[in-house]
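Below are the chains, spelled out letter by letter.
There are 4 protein chains.
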Amino acid sequence: MYESVRDFYLTKGFGGRVGFGSSPALLVIDMAKAWLDESSPLGSANVQGVMTNILRLLDAARGCAIPVIFTTMAFDADGIEARGPIGKKLLHTSQGRSLDRGSSAHVLDPRLARRPEEILIEKQRASAFWGTPLSAYLIGRKIDTLIITGCSTSGCIRGTAESGHNENYHTIVVGDAVGDRHPLAHECNLIDIDMRFADVIPTDIVLKALGPQTA
Amino acid sequence: MYESVRDFYLTKGFGGRVGFGSSPALLVIDMAKAWLDESSPLGSANVQGVMTNILRLLDAARGCAIPVIFTTMAFDADGIEARGPIGKKLLHTSQGRSLDRGSSAHVLDPRLARRPEEILIEKQRASAFWGTPLSAYLIGRKIDTLIITGCSTSGCIRGTAESGHNENYHTIVVGDAVGDRHPLAHECNLIDIDMRFADVIPTDIVLKALGPQTA
Amino acid sequence: MYESVRDFYLTKGFGGRVGFGSSPALLVIDMAKAWLDESSPLGSANVQGVMTNILRLLDAARGCAIPVIFTTMAFDADGIEARGPIGKKLLHTSQGRSLDRGSSAHVLDPRLARRPEEILIEKQRASAFWGTPLSAYLIGRKIDTLIITGCSTSGCIRGTAESGHNENYHTIVVGDAVGDRHPLAHECNLIDIDMRFADVIPTDIVLKALGPQTA
Amino acid sequence: MYESVRDFYLTKGFGGRVGFGSSPALLVIDMAKAWLDESSPLGSANVQGVMTNILRLLDAARGCAIPVIFTTMAFDADGIEARGPIGKKLLHTSQGRSLDRGSSAHVLDPRLARRPEEILIEKQRASAFWGTPLSAYLIGRKIDTLIITGCSTSGCIRGTAESGHNENYHTIVVGDAVGDRHPLAHECNLIDIDMRFADVIPTDIVLKALGPQTA
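Protein sequence lines correspond, in order, to chains A, B, C and D. Here this note's numbering is used: the first residue of the first sequence is 20, the next is one more, and so on. Here this note's numbering is used: the first residue of the second sequence is 20, the next is one more, and so on. Here this note's numbering is used: the first residue of the third sequence is 20, the next is one more, and so on. Here this note's numbering is used: the first residue of the fourth sequence is 20, the next is one more, and so on.
Be aware that a few hints might be false.
Since copy identity is lost for identical chains, a pair holds within one copy or between any two.
Said to hold, decoys possible - The calculated lysine to aspartate or glutamate pairs, modelled on EDC-like cross-linking and capped at a C-alpha distance of 16 Å, are: (1) K52 <-> D97; (2) K52 <-> D119; (3) K31 <-> D128; (4) K31 <-> E141; (5) K31 <-> E57; (6) K107 <-> D97; (7) K31 <-> D56; (8) K227 <-> D195; (9) K52 <-> D128; (10) K52 <-> E141; (11) K161 <-> E206; (12) K52 <-> E22; (13) K227 <-> D78; (14) K227 <-> E206.
No wet-lab data here; the hints were simulated from the structure.
Isolated chain A (complex conformation):
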């Protein structure tokens, strides 16, 4: 049903294609226990397929020396860092406790097997750019293309994609390598992202695009 939004926005001239630049980085957003465990307040169901696709993309990226950057999210356990409206909106219930720094909940899923040369950013907002040194990590590596994976589509993925677009990166969101705790939020936000901020394309196409660089 949200397809009608896409159709209408296309008639208005939105939804241009940015394509790939020449120097991509793979961003893996918040693939930690807090978001992967369905029983967790922040957890998403059905992200198994997302994990599988991320692992395929990680293999490809590592095979052709494409930089990989992971994020997770954390606040101090006393709520000091989230004082103010941010805490009221985000952490007003026990769900916030999933984000206590030092808890196991925000540790990356071990299947990701992060390597020492792969940066891990601890962020406090949806966008991986907000309040972090991410922009300088990208510029120092001459990155011009962001390949965004992880969760959640309607939060950290959209926020990071909007920031990437703002900063003028070729921004790619891998449609089947991002997930949301609700399928409708996933679907509608992917369309908004595709119309406004990033090309939404599936893992298979991204792997092909990375191919020549792998060869």
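Starting from the known structure of chain A, fit chains B, C and D onto it as the hints suggest.
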């Protein structure tokens, strides 16, 4: 139908209320011809009600010395400022021409009757914070609450609300004083905004909240 | 001799006074072993007086519930986070090793006796604002005045003062509670700061200004 | 005398060389009447040599398609945009009037002969990055190196160089193509910049470095 997203997110502990702080500013986002004229590529239908509510809020804000800040959006006519992926996504068709600096399309609607003491920000992205001095205008006025109006809900309103949330403002989006060129995009994005970034409340309630300060 | 710069800049209309606002925070910049131990590559001599004045200011701030925020600086030990020009400028020799995350060098001096409600920010640049959530910590506490202490005057103090000025805070640098590893760099940068970014005033005057709030 | 600061900082491991990357942009900071006319409150004496060197660098950059970006500085004439501490520090006297938007004072010197494809940024702070879209202009052109010229060394040049360093650009300040209204401020700040943020090198060396690209 997107109500199911709201219901599910509420069970997960999202959607906390931030309420009003003690020192609000009224933001009027992109109420210029490019967005108001339905025949324009960027134009939104049915924003007449939005304009009416914005005028009511402007009256109230001016009556009690609440700062008012307007935005519009513009790029140079030669496409120099939009070179790169940003231009490919946003300005790849003739719609972009609506945003030429100096065209009439991005001039504020005269009904807003902007006063000399009311700042007008020319922005180049959805968020009124990105690439502008907005943060310093707010801090210099000791603002702690943003009341966001204008268009479009799925673009500049959501982007500005997310930034306001990121910066830890009490962020309020006035549900019937914001509009989108597609009603479904409006509705779904209001729910996401309400769950994640800002309290979405109607004009009548906002006017009541401003009341004691008016008195 | 650099006094002639001050005199000339004053004739040109620089050096206005910003004074105190109504809601200050005390920033204590990089008072960790890496900067305090003279034998360390980054170390400053003669910061004993600086520490004494910071302890006096901490006492006063804690006595009147003024928020205190500490910073330190750290990079990963493998040099991944400093890849690029930043590492070439800042960390090209063994001095960089003083900033390895997890080394004792960037742990705060125990005399500061940081309390649980006092935020500690780990930063990677001179300015405490760059790449950190500091702006939101301040806005969430409705801070309008920054009282800046610590080291080094020509680096992190000046950088943080310029950012505070940019963001439109009443920015105060406590002249005898900041230090530099070279006395001339200290003196000249204090004058530039005073002309351009912040009021430079001594601890005694700051303590008096905080007085009414203490009472 | 400030040479002793350089010598001491070098022994501490500061002052690494960043060199040129592969894709430079030329920044020309605030070469407008307000800063060039000695009789103006903001004006600098003896910037004739600076202008000459900037013109040489402009010729070279235009000859080899290196992007050129100009800045100027402006505020509204009513002081609305500078309300708060920023205005108290920067614009408290009649000097501020030199920065009125629409006055001739902030128009670029005509000798620069700006071309349509060369961006002009209107900024409100020392750093050309603060409150402007500069970061996206650079990323959209895949720039990795900033060649900074203009004035004033102790203000906008240092501020822009620090931001360029923060963002991880190869940051070059052209020592004889930047100027300050006081020679001592110029000299001391160049040393601080060279130790901390950017390589300070003369026009002749920069022209040689650009040479291979010109050929």
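Here's how the hints hold up against the structure:
1. K52 <-> D97: neither (21 Å within a copy, 26 Å between copies)
2. K52 <-> D119: within (12 Å within a copy, 27 Å between copies)
3. K31 <-> D128: Neither: 41 Å inside a copy, 21 Å across copies.
4. K31 <-> E141: Classified as neither; 38 Å inside a copy, 22 Å across copies.
5. K31 <-> E57: between (39 Å within a copy, 11 Å between copies)
6. K107 <-> D97: So K107 and D97 pass the 16 Å test inside one copy only (14 Å; across, 38 Å).
7. K31 <-> D56: between (40 Å within a copy, 13 Å between copies)
8. K227 <-> D195: within (15 Å within a copy, 45 Å between copies)
9. K52 <-> D128: Only inside one copy: K52 and D128 sit 6 Å apart there, 35 Å across copies, limit 16 Å.
10. K52 <-> E141: within (14 Å within a copy, 24 Å between copies)
11. K161 <-> E206: neither (32 Å within a copy, 32 Å between copies)
12. K52 <-> E22: neither (32 Å within a copy, 27 Å between copies)
13. K227 <-> D78: So K227 and D78 pass the 16 Å test inside one copy only (13 Å; across, 43 Å).
14. K227 <-> E206: Answer is neither: 24 Å inside a copy and 37 Å across each miss the 16 Å cutoff.
Hints 1, 3, 4, 11, 12, 14, counting from the list given before, are not met by this structure.
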